[in-house]
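Protein chains: 2
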Amino acid sequence: MIYFDHNATTPIDGRVVEAMLPYLTTFYGNPSSLYRAGRIVRSAIDTAREQIAALVDVQAAQIVFTSGGTEANNLALNTLCSTSLMAVSAIEHPSVFASINKNKRNNDNVISVDENGLISPFTIEELIKEPKLPVLVSMMLANNENGVIQPIKKMAGLLREKKIIVHTDAIQAIGKIPVSFSQLSVNLMTLSSHKIYGPKGCGALVIDKQIDIEPLLVGGGQESDRRSGTENVAGIVGFGKAAELALLELEQRSAHYLLLRNKLEQELQSIPGLLIFSEQVERLPNTVQFGIQGIDGEMLLMQLDQKNIAVSSGSACASGGGKASSVLIAMGVDEQLAKSAIRVSFGMANTEIEINEFSKLLKSFVMKGE
Amino acid sequence: MIYFDHNATTPIDGRVVEAMLPYLTTFYGNPSSLYRAGRIVRSAIDTAREQIAALVDVQAAQIVFTSGGTEANNLALNTLCSTSLMAVSAIEHPSVFASINKNKRNNDNVISVDENGLISPFTIEELIKEPKLPVLVSMMLANNENGVIQPIKKMAGLLREKKIIVHTDAIQAIGKIPVSFSQLSVNLMTLSSHKIYGPKGCGALVIDKQIDIEPLLVGGGQESDRRSGTENVAGIVGFGKAAELALLELEQRSAHYLLLRNKLEQELQSIPGLLIFSEQVERLPNTVQFGIQGIDGEMLLMQLDQKNIAVSSGSACASGGGKASSVLIAMGVDEQLAKSAIRVSFGMANTEIEINEFSKLLKSFVMKGE
Numbered sequence: 001m002i003y004f005d006h007n008a009t010t011p012i013d014g015r016v017v018e019a020m021l022p023y024l025t026t027f028y029g030n031p032s033s034l035y036r037a038g039r040i041v042r043s044a045i046d047t048a049r050e051q052i053a054a055l056v057d058v059q060a061a062q063i064v065f066t067s068g069g070t071e072a073n074n075l076a077l078n079t080l081c082s083t084s085l086m087a088v089s090a091i092e093h094p095s096v097f098a099s100i101n102k103n104k105r106n107n108d109n110v111i112s113v114d115e116n117g118l119i120s121p122f123t124i125e126e127l128i129k130e131p132k133l134p135v136l137v138s139m140m141l142a143n144n145e146n147g148v149i150q151p152i153k154k155m156a157g158l159l160r161e162k163k164i165i166v167h168t169d170a171i172q173a174i175g176k177i178p179v180s181f182s183q184l185s186v187n188l189m190t191l192s193s194h195k196i197y198g199p200k201g202c203g204a205l206v207i208d209k210q211i212d213i214e215p216l217l218v219g220g221g222q223e224s225d226r227r228s229g230t231e232n233v234a235g236i237v238g239f240g241k242a243a244e245l246a247l248l249e250l251e252q253r254s255a256h257y258l259l260l261r262n263k264l265e266q267e268l269q270s271i272p273g274l275l276i277f278s279e280q281v282e283r284l285p286n287t288v289q290f291g292i293q294g295i296d297g298e299m300l301l302m303q304l305d306q307k308n309i310a311v312s313s314g315s316a317c318a319s320g321g322g323k324a325s326s327v328l329i330a331m332g333v334d335e336q337l338a339k340s341a342i343r344v345s346f347g348m349a350n351t352e353i354e355i356n357e358f359s360k361l362l363k364s365f366v367m368k369g370e
Numbered sequence: 001m002i003y004f005d006h007n008a009t010t011p012i013d014g015r016v017v018e019a020m021l022p023y024l025t026t027f028y029g030n031p032s033s034l035y036r037a038g039r040i041v042r043s044a045i046d047t048a049r050e051q052i053a054a055l056v057d058v059q060a061a062q063i064v065f066t067s068g069g070t071e072a073n074n075l076a077l078n079t080l081c082s083t084s085l086m087a088v089s090a091i092e093h094p095s096v097f098a099s100i101n102k103n104k105r106n107n108d109n110v111i112s113v114d115e116n117g118l119i120s121p122f123t124i125e126e127l128i129k130e131p132k133l134p135v136l137v138s139m140m141l142a143n144n145e146n147g148v149i150q151p152i153k154k155m156a157g158l159l160r161e162k163k164i165i166v167h168t169d170a171i172q173a174i175g176k177i178p179v180s181f182s183q184l185s186v187n188l189m190t191l192s193s194h195k196i197y198g199p200k201g202c203g204a205l206v207i208d209k210q211i212d213i214e215p216l217l218v219g220g221g222q223e224s225d226r227r228s229g230t231e232n233v234a235g236i237v238g239f240g241k242a243a244e245l246a247l248l249e250l251e252q253r254s255a256h257y258l259l260l261r262n263k264l265e266q267e268l269q270s271i272p273g274l275l276i277f278s279e280q281v282e283r284l285p286n287t288v289q290f291g292i293q294g295i296d297g298e299m300l301l302m303q304l305d306q307k308n309i310a311v312s313s314g315s316a317c318a319s320g321g322g323k324a325s326s327v328l329i330a331m332g333v334d335e336q337l338a339k340s341a342i343r344v345s346f347g348m349a350n351t352e353i354e355i356n357e358f359s360k361l362l363k364s365f366v367m368k369g370e
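As you go down the protein sequences, you meet chains L and U in turn.
Position 149 of the first sequence, counting from 1, maps to 149 under our numbering, and the rest follow consecutively.
Position 282 of the second sequence, counting from 1, maps to 282 under our numbering, and the rest follow consecutively.
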């Protein structure tokens with residue numbers, strides 16, 4: 001199989017599985033237990049917390065483990081501001097949008113993006129001139145579909161001058177570009193394990209020391225009372241190891257991704273009617289999203305699947321709905337073109353040979369009808 | 001190590017780890033993805049859903065996977081009734097109590113228990129005579145501390161005549177006694193993986209077909225829109241396998257536990273000032289909770305830990321607080337005696353030899369001071 005859908009999920013790194021295994025076999029204590037078997041796993045969680053903190057340049061105490069990115073996004077938005085005005089960008093993940101809808105605040109500000117998928121700092125300047133300011137603004141660091149990297153630092157600076165809390169979903173950014181919580185000047189940041197070669201079922205919310213969040217899951221008071229529930233120990237240990245490796249190998253991975261992306265984009269140039277979305281702006285090195293005039297994206301995806309190539313039409317969560325990507329629609333892309341979208345997202349194990357094979361097949365499918 | 005704290009968490013069964021491994025290595029797709037790698041893991045989730053459904057005698061569609069028992073309890077109580085009156089028994093897990101406190105409903109009815117830790121059907125008869133009926137009642141099937149099994153079926157019958165929704169936390173019951181959702185006549189039931197030799201980080205809420213729940217985690221719309229977030233595939237597969245084994249081996253496990261419990265209780269009889277809580281009522285076969293006049297439970301726990309024996313003073317979640325068990329207090333146990341409580345909970349691998357060793361040590365610690 002040629003797996004080109006790493007923004008949907010990544011395989012677990014063999015070194016991560018190895019780190020997890022003792023916590024699936026030998027060390028099974030409950031981290032809340034006082035005896036030795038409990039203290040051993042508690043200490044493993046502490047190590048993982050340090051590893052994840054190092055990846056985004058914060059202190060370990062700022063990390064709250066969750067069951068994944070969705071829970072972390074929900075935690076950031078749901079509890080802090082359940083009664084307050086919030087603003088979110090038009091290209092956020094469903095777990096950000098749904099948090100707003102759930103709280104039935106249809107009058108929330110949606111921050112628009114330009115034709116490249118970028119939020120303009122000018123839009124933020126306008127936003128902070130309005131009479132009623134939002135309490136929190138949520139803006140993705142890098143988009144899961146087109147890979148566009150937002151100028152979060154500049155925008156967060158403007159917002160924080162007005163005491164607006166800034167949340168960024170950095171799930172797609174970590175492990176691909178350098179991410180520093182403090183340099184970005186944000187207050188809340190969402191992370192996920194299974195997009196950086198860690199296991200599914202584990203994520204984290206990074207929290208500014210000056211912010212008190214209200215927990216979303218309540219009970220035993222784990223995670224310093226910010227997220228109750230017996231910790232997913234093996235998952236957390238795996239997430240920690242994955243974070244350690246992501247930091248260690250960042251340059252090397254990023255260079256590899258960029259090589260593949262350049263190679264693919266060169267190949268794509270010869271396909272008539274093909275448009276690479278957000279081509280002109282800063283994007284994740286591993287992500288290419290393109291549309292092809294007159295092509296049905298999901299149909300193409302299935303044709304590729306027949307040949308054992310895994311790509312996606314956009315977000316995995318929205319798969320199969322037959323709807324055009326809301327990210328592309330927000331960028332003003334024509335609905336027909338948006339429905340033709342294919343996202344390719346590379347991983348560590350991908351090769352140039354795979355790109356050749358993919359390009360050849362893509363060309364044969366697309367140009368057949370001509 | 002002698003591990004006598006299976007109500008806090010269990011080791012993962014080797015057969016469960018084996019079932020999980022392919023989903024930590026080979027099959028890493030996102031279950032929401034349309035291509036083959038996605039469909040394979042989707043199908044593994046479906047199988048696990050069937051296995052868990054079989055354990056509690058429901059249809060697969062009634063199972064909603066969560067990140068654990070805490071989330072399932074929160075989901076049951078938080079979303080269905082965030083604005084409604086609820087009643088919960090005095091011996092519930094913190095994740096049930098905290099759901100009520102979070103919603104700031106201090107006027108909720110707390111259903112009392114008798115000196116044996118039993119809710120009396122008479123109390124329920126009184127409850128349903130009150131002018132303002134609760135919308136939901138939550139009562140544990142079997143208590144995590146003293147192991148007391150509640151007469152849920154009888155009480156649920158009374159409540160449902162009044163159209164009151166009945167939730168039961170069955171986390172400690174499954175795998176130890178037969179549990180049938182429909183025979184118990186409940187509407188909602190909480191399950192957890194890591195108490196039945198499955199991995200941590202996975203649980204489920206079983207839902208009556210006639211009930212619409214509002215999701216707690218929102219976003220991509222997984223779990224038929226009842227719980228968003230990329231599924232913890234390996235965890236779910238492990239939970240499924242653990243459920244399959246729990247059903248298959250129920251009689252054998254239960255008989256083994258009872259043998260050990262009888263053996264231990266016999267040994268305990270010779271310790272002066274020792275009281276077995278709830279001794280006269282129906283309890284889980286694997287659980288013994290006792291108090292010893294004049295002894296500090298946490299101190300004893302640490303002395304046992306020094307000798308590599310793991311027991312607990314009560315719920316793992318409440319460990320280290322130095323507070324008396326709220327379950328025992330609700331039963332009217334004197335605070336000093338409650339603080340002396342030790343809970344022993346057996347698992348499949350425990351032996352009579354371990355009980356002999358534990359009893360000998362316990363006697364030497366307790367009788368030393370005399």
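The hints are simulated quantities; they were obtained by calculation from the structure and are not laboratory data.
Any given hint might turn out to be false.
All copies of an identical chain are treated as equivalent in the list; a pair is satisfied when it fits inside any one copy or across any two copies.
Mimicking SDA-like on lysine to any residue, the simulated pairs with C-alpha atoms at most 25 Å apart in a straight line are [what the hints assert, rightly or not]:
id	residue 1	residue 2
1	Lys129	Glu115
2	Lys162	Glu267
3	Lys368	Ala255
4	Lys363	Arg36
5	Lys263	Thr123
6	Lys154	Ser182
7	Lys307	Ile40
8	Lys368	Pro131
9	Lys129	Gln252
10	Lys132	Gln269
11	Lys307	Phe27
12	Lys363	Leu34
13	Lys263	Val281
14	Lys368	Leu337
15	Lys307	Leu133
16	Lys307	Arg42
17	Lys263	Asn101
18	Lys263	Gln293
For each hint, the structure was consulted:
1. Proximity of lysine 129 to glutamate 115 under the C-alpha cut-off of 25 Å is restricted to the intra-copy arrangement: shortest distance 24 Å within a copy versus 64 Å between copies.
2. Within a single copy, lysine 162 and glutamate 267 get their C-alpha atoms no closer than 46 Å, and across copies no closer than 68 Å, so neither meets the 25 Å cut-off.
3. In this assembly of identical chains, lysine 368 and alanine 255 lie within 25 Å of each other by CA distance neither inside one copy nor across copies; the values are 34 Å within and 68 Å between.
4. Taking the shortest Cα distances, lysine 363 and arginine 36 sit within 25 Å of each other only across copies (22 Å), while inside one copy they are farther apart (60 Å).
5. When the C-alpha separation of lysine 263 and threonine 123 is checked against a cutoff of 25 Å, the pair qualifies neither within a copy, at 35 Å, nor between copies, at 73 Å.
6. Proximity of lysine 154 to serine 182 under the C-alpha cut-off of 25 Å is restricted to the intra-copy arrangement: shortest distance 13 Å within a copy versus 57 Å between copies.
7. With identical chains, the CA atoms of lysine 307 and isoleucine 40 are at most 25 Å apart between copies only, with a shortest distance of 16 Å across copies and 47 Å within one.
8. In the homo-oligomer, the alpha carbons of lysine 368 and proline 131 never lie at most 25 Å apart, since the shortest distance is 56 Å inside one protomer and 74 Å across protomers.
9. For a Cα distance limit of 25 Å, the shortest separation of lysine 129 from glutamine 252 qualifies neither inside one copy, at 43 Å, nor across copies, at 70 Å.
10. For the homomeric pair lysine 132 and glutamine 269, neither the shortest alpha-carbon distance inside one copy (47 Å) nor that between copies (70 Å) is at most 25 Å.
11. Proximity of lysine 307 to phenylalanine 27 under the C-alpha cut-off of 25 Å is restricted to the inter-copy arrangement: shortest distance 18 Å between copies versus 42 Å within a copy.
12. Taking identical chains as interchangeable, the C-alpha atoms of lysine 363 and leucine 34 lie at most 25 Å apart only when they sit on different chains, with a minimum of 21 Å there against 62 Å within one chain.
13. Taking the closest pair of Cα atoms, lysine 263 and valine 281 come within 25 Å of each other only inside a single copy of the chain (18 Å); across copies the shortest separation is 72 Å, beyond that limit.
14. Only within a single protomer do lysine 368 and leucine 337 lie at most 25 Å apart by alpha-carbon distance; the minimum there is 19 Å, versus 82 Å between protomers.
15. In the homo-oligomer, the alpha carbons of lysine 307 and leucine 133 never lie at most 25 Å apart, since the shortest distance is 51 Å inside one protomer and 60 Å across protomers.
16. In this assembly of identical chains, lysine 307 and arginine 42 lie within 25 Å of each other by CA distance solely across copies; the values are 20 Å between and 46 Å within a copy.
17. In this assembly of identical chains, the alpha carbons of lysine 263 and asparagine 101 never lie at most 25 Å apart, being 41 Å within a copy and 57 Å across copies at closest.
18. Taking the shortest alpha-carbon separations for lysine 263 and glutamine 293, only the intra-copy value of 22 Å comes in at or below 25 Å, while the best inter-copy value is 76 Å.
Checked against the numbered hints listed earlier, the structure breaks hints 2, 3, 5, 8, 9, 10, 15 and 17; every other hint is satisfied.
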